[in-house]
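Fit chain U to the supplied structure of chain Z, relying on the hints for placement.
There are 2 protein chains.
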Amino acid sequence: MVSKASDKPAIARLVAICHSHGLKRVLVSPGSRNAPLSLSFTEHGGFDVKVIPDERAAGFMALGMSQVDHVPTILLCTSGSAVLNYAPAVAEAFYQRIPLLVISADRPNEWVDQLEGQTMMQKGVLSNFVNKEFDLPQEPKDDVTLRYHDRLVNEAIAACFYPVLAPVHLNVHLREPLYGLSEMKEMPYVIQVHESPAALPCEKLIKELSEELNSYSKVMLLMGLHSPDEALKKVLEGLIEKGWVLLNESSSNLQGEKVISCIDRSLGALPAEAEMDFQPELIISFAGPLVSKKIKQRFRKNPPKAHWHIDAHQAHIDMFQCQTRALRFEPFEILKALNKVMVRGDGNFSAAWMNLKQKSAQRHERFVELCPWSDMRAYSEIFKNLKGEYKVQMANSAAVRYAQLYEHEHLEFYGNRGVSGIDGCSSTAVGMAHESDSPVVLLTGDMAFRYDVNAFWTKEIPSGLKCIVVNNGGGGIFRIIPGPKESGHLEDLFEAAMENSAKRVAEISGMPYLSAKNAEELNTALNTLFSDDKSMILEVFTPREENEKVLAKYFEALKK
Amino acid sequence: MVSKASDKPAIARLVAICHSHGLKRVLVSPGSRNAPLSLSFTEHGGFDVKVIPDERAAGFMALGMSQVDHVPTILLCTSGSAVLNYAPAVAEAFYQRIPLLVISADRPNEWVDQLEGQTMMQKGVLSNFVNKEFDLPQEPKDDVTLRYHDRLVNEAIAACFYPVLAPVHLNVHLREPLYGLSEMKEMPYVIQVHESPAALPCEKLIKELSEELNSYSKVMLLMGLHSPDEALKKVLEGLIEKGWVLLNESSSNLQGEKVISCIDRSLGALPAEAEMDFQPELIISFAGPLVSKKIKQRFRKNPPKAHWHIDAHQAHIDMFQCQTRALRFEPFEILKALNKVMVRGDGNFSAAWMNLKQKSAQRHERFVELCPWSDMRAYSEIFKNLKGEYKVQMANSAAVRYAQLYEHEHLEFYGNRGVSGIDGCSSTAVGMAHESDSPVVLLTGDMAFRYDVNAFWTKEIPSGLKCIVVNNGGGGIFRIIPGPKESGHLEDLFEAAMENSAKRVAEISGMPYLSAKNAEELNTALNTLFSDDKSMILEVFTPREENEKVLAKYFEALKK
Numbered sequence: 000m001v002s003k004a005s006d007k008p009a010i011a012r013l014v015a016i017c018h019s020h021g022l023k024r025v026l027v028s029p030g031s032r033n034a035p036l037s038l039s040f041t042e043h044g045g046f047d048v049k050v051i052p053d054e055r056a057a058g059f060m061a062l063g064m065s066q067v068d069h070v071p072t073i074l075l076c077t078s079g080s081a082v083l084n085y086a087p088a089v090a091e092a093f094y095q096r097i098p099l100l101v102i103s104a105d106r107p108n109e110w111v112d113q114l115e116g117q118t119m120m121q122k123g124v125l126s127n128f129v130n131k132e133f134d135l136p137q138e139p140k141d142d143v144t145l146r147y148h149d150r151l152v153n154e155a156i157a158a159c160f161y162p163v164l165a166p167v168h169l170n171v172h173l174r175e176p177l178y179g180l181s182e183m184k185e186m187p188y189v190i191q192v193h194e195s196p197a198a199l200p201c202e203k204l205i206k207e208l209s210e211e212l213n214s215y216s217k218v219m220l221l222m223g224l225h226s227p228d229e230a231l232k233k234v235l236e237g238l239i240e241k242g243w244v245l246l247n248e249s250s251s252n253l254q255g256e257k258v259i260s261c262i263d264r265s266l267g268a269l270p271a272e273a274e275m276d277f278q279p280e281l282i283i284s285f286a287g288p289l290v291s292k293k294i295k296q297r298f299r300k301n302p303p304k305a306h307w308h309i310d311a312h313q314a315h316i317d318m319f320q321c322q323t324r325a326l327r328f329e330p331f332e333i334l335k336a337l338n339k340v341m342v343r344g345d346g347n348f349s350a351a352w353m354n355l356k357q358k359s360a361q362r363h364e365r366f367v368e369l370c371p372w373s374d375m376r377a378y379s380e381i382f383k384n385l386k387g388e389y390k391v392q393m394a395n396s397a398a399v400r401y402a403q404l405y406e407h408e409h410l411e412f413y414g415n416r417g418v419s420g421i422d423g424c425s426s427t428a429v430g431m432a433h434e435s436d437s438p439v440v441l442l443t444g445d446m447a448f449r450y451d452v453n454a455f456w457t458k459e460i461p462s463g464l465k466c467i468v469v470n471n472g473g474g475g476i477f478r479i480i481p482g483p484k485e486s487g488h489l490e491d492l493f494e495a496a497m498e499n500s501a502k503r504v505a506e507i508s509g510m511p512y513l514s515a516k517n518a519e520e521l522n523t524a525l526n527t528l529f530s531d532d533k534s535m536i537l538e539v540f541t542p543r544e545e546n547e548k549v550l551a552k553y554f555e556a557l558k559k
Numbered sequence: 000m001v002s003k004a005s006d007k008p009a010i011a012r013l014v015a016i017c018h019s020h021g022l023k024r025v026l027v028s029p030g031s032r033n034a035p036l037s038l039s040f041t042e043h044g045g046f047d048v049k050v051i052p053d054e055r056a057a058g059f060m061a062l063g064m065s066q067v068d069h070v071p072t073i074l075l076c077t078s079g080s081a082v083l084n085y086a087p088a089v090a091e092a093f094y095q096r097i098p099l100l101v102i103s104a105d106r107p108n109e110w111v112d113q114l115e116g117q118t119m120m121q122k123g124v125l126s127n128f129v130n131k132e133f134d135l136p137q138e139p140k141d142d143v144t145l146r147y148h149d150r151l152v153n154e155a156i157a158a159c160f161y162p163v164l165a166p167v168h169l170n171v172h173l174r175e176p177l178y179g180l181s182e183m184k185e186m187p188y189v190i191q192v193h194e195s196p197a198a199l200p201c202e203k204l205i206k207e208l209s210e211e212l213n214s215y216s217k218v219m220l221l222m223g224l225h226s227p228d229e230a231l232k233k234v235l236e237g238l239i240e241k242g243w244v245l246l247n248e249s250s251s252n253l254q255g256e257k258v259i260s261c262i263d264r265s266l267g268a269l270p271a272e273a274e275m276d277f278q279p280e281l282i283i284s285f286a287g288p289l290v291s292k293k294i295k296q297r298f299r300k301n302p303p304k305a306h307w308h309i310d311a312h313q314a315h316i317d318m319f320q321c322q323t324r325a326l327r328f329e330p331f332e333i334l335k336a337l338n339k340v341m342v343r344g345d346g347n348f349s350a351a352w353m354n355l356k357q358k359s360a361q362r363h364e365r366f367v368e369l370c371p372w373s374d375m376r377a378y379s380e381i382f383k384n385l386k387g388e389y390k391v392q393m394a395n396s397a398a399v400r401y402a403q404l405y406e407h408e409h410l411e412f413y414g415n416r417g418v419s420g421i422d423g424c425s426s427t428a429v430g431m432a433h434e435s436d437s438p439v440v441l442l443t444g445d446m447a448f449r450y451d452v453n454a455f456w457t458k459e460i461p462s463g464l465k466c467i468v469v470n471n472g473g474g475g476i477f478r479i480i481p482g483p484k485e486s487g488h489l490e491d492l493f494e495a496a497m498e499n500s501a502k503r504v505a506e507i508s509g510m511p512y513l514s515a516k517n518a519e520e521l522n523t524a525l526n527t528l529f530s531d532d533k534s535m536i537l538e539v540f541t542p543r544e545e546n547e548k549v550l551a552k553y554f555e556a557l558k559k
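Taken in order, these protein sequences are the chains called Z and U. So the first sequence is numbered by numbering that gives the first Met the number 0: it starts at 0 and just counts up by one. So the second sequence is numbered by numbering that gives the first Met the number 0: it starts at 0 and just counts up by one.
Incorrect hints may have been included.
A pair holds if it fits inside one copy or across any two, identical chains being indistinguishable in the list.
[Claimed, not checked] Capping the alpha-carbon separation at 27 Å, the derived lysine-lysine pairs in BS3-like fashion look like this: (1) Lys300 to Lys558; (2) Lys184 to Lys140; (3) Lys502 to Lys49; (4) Lys232 to Lys203.
Bear in mind the hints are in silico, worked out from the structure with no lab data behind them.
Excised from the complex, chain Z in its bound form (with noise of 0.2 Å):
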């Protein structure tokens, strides 16, 4: 049977959603704002679809029915104070934990608060009683914002059960015409949510997990920001010994021989002819932000068959816009008991994974050696010096980006990437060096030191911070990420390229300073750098224009 929805196509989604989470009540407050979504519950087939005129009443009747299973029943009202009357019903259920999804239907953003009729400020209105709250995105029709709209509303279905059973408000901006139907065409996008309360896997989804990872061969693990965690690290290798491949940076701490730890690079060496043979058919991700925005484009652009992601808080990270399933719990519970269920992968997959890696290792060592004086170069000369069980805080953008080709497994490595700030990169290594066992060494450029300039305004400057600062004339990173070249403001906008050198910090802290201008002057300096415990800034200058230059010819060289 075809049903007929809402000509709206987020409308229509929106309620197919609601369907396959399992809602099946909803209690309708007549009204015409809200007719694209009444007509479309009704016309589904599969709700139990109620009207109730009086919404306070209906929000009382949804908490009553909700009472007896637990499953959230759909309120669905027109817009204006029609929302304000669901509001005693949702305290109510809020302190009885009781979930309830609340549809508001708004006027268009553009005439809220302009003096129409049947309008005010909506957003918000049930804050203090919700788990959760969307103003969905005003009618979308382009496929990224339909997704995002379908992701919200997901969420939001979600949102019903965590971190207590309680209400959640979807408010929907709708524009005239309102009474349009038509046939659902296409499915939207659903994601599965799977959650314990016991933060342990249960069975029965392990099962249901374990059906369809051995429907795929070629699984690809992909990791973001994560400390130390030998726990983990374990279990991981067991997953790669099956034929899993794992993918992640630096700033993961897990390196290893059989983890493609510079993605970048090794993306850089994927054969243009072989490129499916490379392709994951699930991808699960796991961990905090990714500095790669080579993967995240690639597999927006080619996206795999499913995409989980397990975080035991916030699981809806639809990275690749085809997220399938959100799962809700650590990572380590849940890999270990995959590892346990899962068939071995196709080998072929991690082969070419692990062939493609050594190449862009050796095409990567083969070009350093031969490399002239740049930041590249110097990066180099400073990862072949890292040689202590050091704690390095790379800087935001080009330390960190920089840092991501080459391999350091006994380095711990940290980066502001949270929202990936230069304003305070090295405040955090001067508060990581009070703490630390270890020294810290600090990789930073001449932007972000000098904006951090107060990081060294204390009395007391700890021992063992190492700091290095690659002075390449202005915010380098400009140069060799695409856009600001192109713009016509590159120097005066973008790369602010200023007489700027780290020796009026250092002078200012107090701190000895160092410099180098070629290979050789940095290697003895890095000597002196790592010859005692001392607190140190060396400065390493680079030719600002070549070293866009370099990069683009390493990435050259590792295609052959």
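Quick look at chain U alone, frame taken from chain Z:
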């Protein structure tokens, strides 16, 4: 060593609580308004205090420090824009899941937005990037407010760890003078928090709890609103077997021979000369809100030595202002674990309560048999006739209060006790009747029934809905709670007595209507009401001015 602290008692306590929870690092950015705090942290002796003039740098330093051990670092700044400079580091910490405790000093509330210097609206400035934020009560001095203040500080520190590691913001309003110090005299209240990422209590914790537990011989379990739960019931019965006493209410949906489900009735029979035989050393509370005011008043006046509250989400429920532990677990899980390790309690204590339960039940029976026509008598006849496995919706507030005096193990009890409004009691019953397999009995009063008249404004009234409206000619509740009667405005402002028959509601809803004006008529009507599955309204008229007298006599009769 006696340490000094600010002569503002709340500040000294805030600092001591931070220390009790293991916080040890403070980064102070100097200022005058935060002097009481910076002086107290420094004079305390248990903190590593560093002075960092630039708040932005301090924020990132704190991030670097807490990256090492995942223990929150305290950031302390003065009033005005100072706290805004923390924002970049707080955002970064939020997305890296690093805990920080931001304490901003603020000017007195009365001078905010009054054109004062270094004064701005500080409340909520970090709200996008914190787990929780607290605007502490301004310079509390009385015990109740100090205790409230201490609870919030305890809760704030716990919030650095839940639901994920993240920053928390405490805003502290301070009046001049700011520099006074005095000796720290009394210890603040410290609420220990316990939680486990796996939601299962670990062995170490169980050991710690059992050691404390086994130092008490008088333990009381206090249970509020809860849906029926056989597994939990079994665990609780095990604990009762070992000598613990369980007090709960009809809406706890867990009755039994050895459960004190009628709290007010039992307390009513408690002999004044032997009060202390009934006093617990430890109260363990769990589940939702409690109806009984008497139990709260009792233990607020005579607090036990210790109070633990168990809840997997919000465990800081300081019901008697003497909470000692917040146990962030599912009650079932932790009570099951405790049952395994606890030794037998004081037999005399549980025997005293069992005896009290029996005595009060006998006195209750004796009274209601001879009781003149009144609300009391009406509810007694009603409960005698509720023989099936019904779901009972108790309206606010007279119905839910009378219902607490009766025991009925075979019934399921529900009531809108989350916020306890009269606004939707009938609608909730209608909603439940739509979904329930068994009949739903609505016990309500004339006011609540009229208020929610639109519960029946629907095409489809579900079957099996039995509405019993006890019409005592107004808000009878205001005659039985202390206050309104003494105000001189009982009738005009509180009871709002009006001719208000449920017959009119029956007419516009189209439901059959029955009525009763005495015990005999009531019994006949109840027979008809439950003779089939039809939905019906039964209105029971009671004498407005007699009800309170009968209830007063009832509580007299319980005493002997």
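The hints, checked one at a time:
| no. | hint | in the structure |
| --- | --- | --- |
| 1 | Lys300 to Lys558 | within (21 Å within a copy, 79 Å between copies) |
| 2 | Lys184 to Lys140 | within (14 Å within a copy, 66 Å between copies) |
| 3 | Lys502 to Lys49 | between (74 Å within a copy, 25 Å between copies) |
| 4 | Lys232 to Lys203 | both (26 Å within a copy, 26 Å between copies) |
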